[in-house]
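Below, each chain spelled out in residue letters.
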Amino acid sequence: MLVYLPIAEVSTNLFTLLGVGAGVGMLSGMFGVGGGFLITPLLFFIGIPPAVAVATGANQVVASSISGVLAHLRRKTVDLKMGTVLLIGGLIGSSLGIIVFRWLSALGQIDLAVQLSYVVFLGIVGGLMLQESLRAWYRTKKSGSPRRKLHQHTWVHALPFKMKFRVSGLYISVIPPLLVGAAVGVLSAVMGVGGGFIMVPAMIYLLGMPTKVVVGTSLFQIIFTTAYTTIMHAVTGHSVDIMLATFLILGGVIGAQFGTQIGTRLKAEQLRILLALLVILVCLKVATDLLIRPDELYSVRVLGGF
Amino acid sequence: MRALWLVLLLLVALPARAGEIVGALSQNRVSLTASFSGSEILIFGAIRRTAEDLLAEAEAEAAGGVDYDVIIVIEGPRQPIAVWRKDRRAGIWMNVDSVTMASVPSFYAVATSGPLNQILSPEADAAYRISARQAIRAEQVGDGSPQALLFAEALLRIRERSAHYMALDRFVHLDRDILFRANVRLPANLTEGAYTTRMYLVQDGEVVNQFRTAIFVRKDGLERWLHELAYEQPLLYGFLALAIAIIAGWGASALFRLIRQQ
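Heads up: the protein sequence lines correspond to chains A and B, in order.
Sequential numbering from 674 applies to the first sequence in the working numbering.
Sequential numbering from 15 applies to the second sequence in the working numbering.
If we strip away everything but chain A, and leave its shape as in the complex, we get:
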């Protein structure tokens, strides 16, 4: 059954959209990620213009993160103060990202920029995650190994403008969280992702936040950053497709519930290895598209369109 998407101006199969939403939703429920990094490339693949895919991807992340953050708020595992600092950075980053996005679109290089950022970020994060999770897995097999210190003191702790973050139990400068937030904001605008895959490791390793507040706090920040990104894309590019978003979200929220069920049955280390492999797989797929000679060297773009 075909549906006509009013903004993307393409007809797509309804069940494909619901399937993409459900599949990504299931993975995001399993791994606790927003799934933007999967949905945007999949939308490219089914022929949605990149600008629409990125803007609508951001909108979808809002929906998939909201149920997660509600659960974390109930469990009080959200550091609202840290979240707000990250958010301020995020809004600045997202605004910059929107400008960069417009500029690259005008240059005709937005596809390349989006694909390259996918390769670079997914490659780095996937690699680090795989290495880390394999090591953790190895540790749990050899029981009795020493526990890692809660957090180490690094150069991050020597910067000025210090602030107390009670929930995280931290007394650090606001500069690193602002920068982390800004970096994630840029990614959100350019790649249509929430940026959890960057923010979670950054919060643990760079800011030294305790693991139990990391996911809730990153989700809190992601909701507002992606919400802002959605509005900005809607206003500057008219590229958010509500129809497309609704079908993705519909599939997504249902898939996420099943994903959560599956997720609770798997061990944390196994989950992380699987997630790392998934991230690397997406990275390799995007990379091969850039490296292999395309069948059609030419492409047509309607000016003033997407």
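Keep in mind that the hints were calculated from the coordinates and are not lab data.
Covered by chain B, per the in silico footprint, the following chain A stretches (three or more residues, Cβ under 8 angstroms): (1) 680 to 691; (2) 733 to 744; (3) 922 to 930; (4) 961 to 968.
Facing chain B, according to a computed beta carbon distance under 7 angstroms, are these residues of chain A, among others: (5) 675; (6) 676; (7) 677; (8) 781; (9) 900; (10) 903; (11) 904; (12) 908; (13) 913; (14) 915; (15) 971; (16) 972; (17) 973; (18) 974; (19) 975; (20) 976.
The C-beta atom is built at its ideal place from N, Cα and C for all residues, glycine as well.
Chain B: place on chain A using the hints.
For chain B alone, coordinates are given in the frame of chain A:
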């Protein structure tokens, strides 16, 4: 004197010998709604001739015969486009150069009663800009260099593959050289606007008569409302998108919690 009269009569009869083409469409309004999945349009019409035409034709037929052919062109709204070419830079295939074309049809279908290159002379094709290649006209592609022509060829190739440009040879059925009809399928991915429909009556490779009408394609219902909102009230539209996301995200988790508790 008699011979002169005959010549005069022939001269008067000659332009009139060309028939007149009259056509119509099964529908001249196409609505793009959520369930739009393409549309089949029936184009039909007749070739009108006076008694003298028929007489002259009968004579011509006796002397070897010339048949009429019909060409139907459906042309979608014109848009400015850029054609980009990829090349390998530092091991990566990326867009390196582009050619912009000020105005090319978003959709172009040519349906004919016979192979286009056999029924129409190249001169007539150029004069009336009938084939897709003529419709995008190489002149508007940069400087007309061979390099620029490659971009025009690429445009034709890409649009043909996506079924936005179609050459429908022998899709027009001619009935006793009087009635004609053709079915043209409009794809699901249509641009809004007026789709001019030209019908040409062709004889001896030349266009002898033409008829024009149009199909109006517009978004309708919810699609129209959303599209207008997105462009006229983008902020409101953005908030609507967010509201849907928030309600769906929150609603689903609330719903599933309720299900699990029971």
